[in-house]
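Colleague: Take 1424 as the starting number for the sequence shown in my numbering and just add one per residue.
Simulated from the structure, these hints should not be mistaken for lab results.
Where hints are given, some of them may not hold.
[What the hints assert, rightly or not] With beta-carbon atoms standing in for the labels, derived distance ranges: (1) S1460 to S1538: 28 to 34 angstroms; (2) F1469 to R1541: 34 to 40 angstroms; (3) D1512 to S1538: 28 to 34 angstroms; (4) L1533 to R1468: 32 to 38 angstroms; (5) M1530 to H1472: 21 to 27 angstroms; (6) L1499 to P1462: 24 to 30 angstroms.
Note that the structure is predicted; figures quoted are calculated from it, not measured.
All residues carry an ideal CB built from backbone N, CA and C; glycine is no exception.
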Amino acid sequence: MGEPHDPRGNLVRPYAVTRGRTEPRRDIPIEAVLVASQPAVQEARFAGHDKYRIAVLCEPRAQSLAEIAAYSRLALGVARVLVADMVADGLLTLHSAAPKQGFTERMDLLERVLSGLRKL
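Turn these sequences into a full structure, and let the hints steer you where they fit.
Modeller: Have a look at this one:
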């Protein structure tokens, strides 16, 4: 069966999850790959429900920012703020990100990410 229903439902607004912040501490591209270690997952238990859920997602295998947003059912902007906080706090490691490329290559990559998200 699927993930249990979140009892908070739609009652929690995105700005409440990020404590009113809309800009991340650092810019993390949507295709950036993030990893959490087992000790980071244990520490994330005290960082809040959403951060713990993100850490659990990233512990068994690396996840992109796009995947984190999709699997955790968080808006991309909210996930970006939380993930940037977690990287700054040492709960997630920015394993790699796509190198800076030209516009065409970046658009191709974003189209592949979008196609993958649609398949979820």
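Colleague: The hint says 32 to 38 angstroms between L1533 and R1468; measuring C-beta to C-beta, is that right?
Modeller: holds (34 angstroms)
Colleague: Could you tell me whether the CB distance from D1512 to S1538 stays inside 28 to 34 angstroms?
Modeller: Holds, at about 32 angstroms.
Colleague: Lying within 24 to 30 angstroms: is that true of the beta-carbon distance L1499 to P1462?
Modeller: holds (27 angstroms)
Colleague: Is 21 to 27 angstroms right for how far apart the beta carbons of M1530 and H1472 are?
Modeller: At roughly 35 angstroms between Cβ atoms, H1472 and M1530 fall outside 21 to 27 angstroms, so the hint is violated.
Colleague: Could one say that the CB atoms of F1469 and R1541 fall in the range 34 to 40 angstroms?
Modeller: At roughly 35 angstroms between Cβ atoms, R1541 and F1469 fall inside 34 to 40 angstroms, so the hint holds.
Colleague: Does 28 to 34 angstroms hold as the CB distance between S1460 and S1538, or does it fail?
Modeller: With Cβ atoms ~30 angstroms apart, the hint holds.
Taken one by one, the earlier hints fail for this structure only at number 5.
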